[in-house]
Amino acid sequence: MTVKLASMLLAAAVSLTAMQAAAADKVTLQLKWVTQAQFAGYYVAKDKGFYEEEGLDVEIKPGGPDIAPPQVLAGGGADVIVDWMPSALATREKGVPLVNIAQPFKSSGMMLTCLKETGITTPEDFKGKTLGVWFFGNEYPFLSWMSTLGIKTDGSDGGVTVLKQGFNVDPLLQKQAACISTMTYNEYWQVIDAGIKPEELVTFKYEDEGVATLEDGLYVLEDKLADPAFKEKMVKFVRASMKGWKYAEENSDEAAEIVLENDASGAQTEAHQKRMMSEVAKLTAGSNGALDQADYDRTVKTLLGGGSDPVITKEPTGAFTTEITDAALK
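Per mature numbering (1 follows the signal peptide of the UniProt record, and there is no 0): the sequence shown = residues -23 to -1, 1 to 307.
In short, the hints are calculated from the structure, not lab data.
Just so it is clear, the structure is predicted and the values come from calculations on it, not from any experiment.
Treat each hint with caution, since some may be false.
Derived DSS-like pairs (lysine-lysine); straight-line CA-CA distance at most 30 Å [unchecked claim]:
#: 1; residue 1: K201; residue 2: K220
#: 2; residue 1: K104; residue 2: K278
#: 3; residue 1: K201; residue 2: K141
#: 4; residue 1: K208; residue 2: K141
#: 5; residue 1: K174; residue 2: K93
#: 6; residue 1: K251; residue 2: K223
#: 7; residue 1: K3; residue 2: K278
#: 8; residue 1: K3; residue 2: K25
#: 9; residue 1: K106; residue 2: K182
#: 10; residue 1: K220; residue 2: K208
#: 11; residue 1: K93; residue 2: K201
Produce the entire structure from the sequences given, and follow the hints as far as they go.
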C-alpha cells in the first residue's frame, strides 16, 4: 500500500467517524446523585456501546446535594432524569409536568436503621425518638409512613422529632438520632464500616413495612412527548439503558469497575462500589423497564394516605406512559 493510499484511507475513516458522531442523537441524562453503582446500568450502557448501537450520544451528568433533577429538566439542562416517584409526583402536582417513561428499579432500597440500644424493636417504638430524615424530596416516603402509623412528625407528645439529616450517617454514629435514613446499598454499609456491628442495629425496610414507593425511575417533561422524534430517541435510550442494567445485574463486579472509571471525583472505593452493585442488582431484578401498574398504584396510595398533610392531594393523571417501554421492549 502506498503512503498516499494509506493517508487517503485514514482520512476517509476519520471522516466517517466524524459523520457518525455528528449523526448520533444527543441525549443528556441527569442523575439523582453522584456517580456510584446506583446508576451502573447507564454507565455500562455507555461503556459497552449499547447507546452507540442505537445511534445515541449520551451525556451522563452526576447529581449531588445541590442538584434537583426536576429543576435541571425544567430548565432545559437535561432530556431525561432519574428521580424517585414521590418526588416526581409531588413536583408534578406543583406544576412541573414530569412523566415516568420507564422504571428500571422494581424494589425500594430505603430503610430506617436504628441503634438497638435505644430500645426500638417495632415502629411503635419510634414515638418520642429523634429520627434522621433526608429532605430535598426524599422525605416524602418517610412522612407517608409516619402518617400511616398515626405518628406526628412535629416533635409533639407521642410523635417523633425529625432531624434534617445530611447525606451521611453521622447522626447515628454521634447518637444524635435513634434512627437514620439509609439505603440498603449505601449508607447502611457506611454504618457497618464505621465499626457498628449488624447485631447492634435494627432495620426497618420500607418494602417490608408495606409503604415502599418507587425509586429511580426515568422521567421526561410531558410536552416533549408530543414530538415523535423525541419519543423515538427515548425508545432507543430506554432499550439501551435496560440492556445496560441487565448486563450490570449479571456482571456486578465488572459494572462496579465501570462506575469507578467514570468517577471523576475519585471519592468511591472498589470495595464499596462492588458491594453497592450487588445490592442494587437485587432492586433492579424483576424489572424489564416497564412500570408495573400495581407498584404505581401502591405508591400513589401511600402518598395520598397522609391524613391532613398528604404528599399529593389528588390522584395524578398522565403521570406515566407505557408507550416508550412498549416500543422499546418489542
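Hint-by-hint comparison with the structure:
At roughly 24 Å between alpha-carbon atoms, K201 and K220 fall within 30 Å of each other, so this suggested pair holds. The suggested pairing of K104 with K278 holds, with an alpha-carbon distance near 24 Å, which does not exceed 30 Å. A C-alpha spacing of about 35 Å is found between K201 and K141, which places the hinted pair above 30 Å, so the restraint is violated. Between K208 and K141, the direct Cα distance comes to roughly 39 Å. Violation of the 30 Å bound is thereby established for this hinted pair.
For the given pair, K174 sits about 11 Å from K93 by alpha-carbon distance, which is consistent with the 30 Å threshold. Under the criterion of a C-alpha separation no larger than 30 Å, the hint pairing K251 with K223 is consistent with the structure, at around 16 Å. Under the criterion of a C-alpha separation no larger than 30 Å, the hint pairing K3 with K278 is inconsistent with the structure, at around 37 Å. Distance check on the hinted pair: K3 and K25 sit about 17 Å apart at the alpha-carbon level, within 30 Å; holds.
Restraint check for K106 and K182: satisfied, since their Cα atoms lie roughly 18 Å apart, inside the 30 Å limit. For the hint linking K220 to K208, the alpha-carbon distance of about 18 Å falls within 30 Å, and the restraint holds. With a C-alpha separation of about 49 Å, the suggested pair K93 and K201 falls outside the 30 Å cut-off, and the hint is violated.
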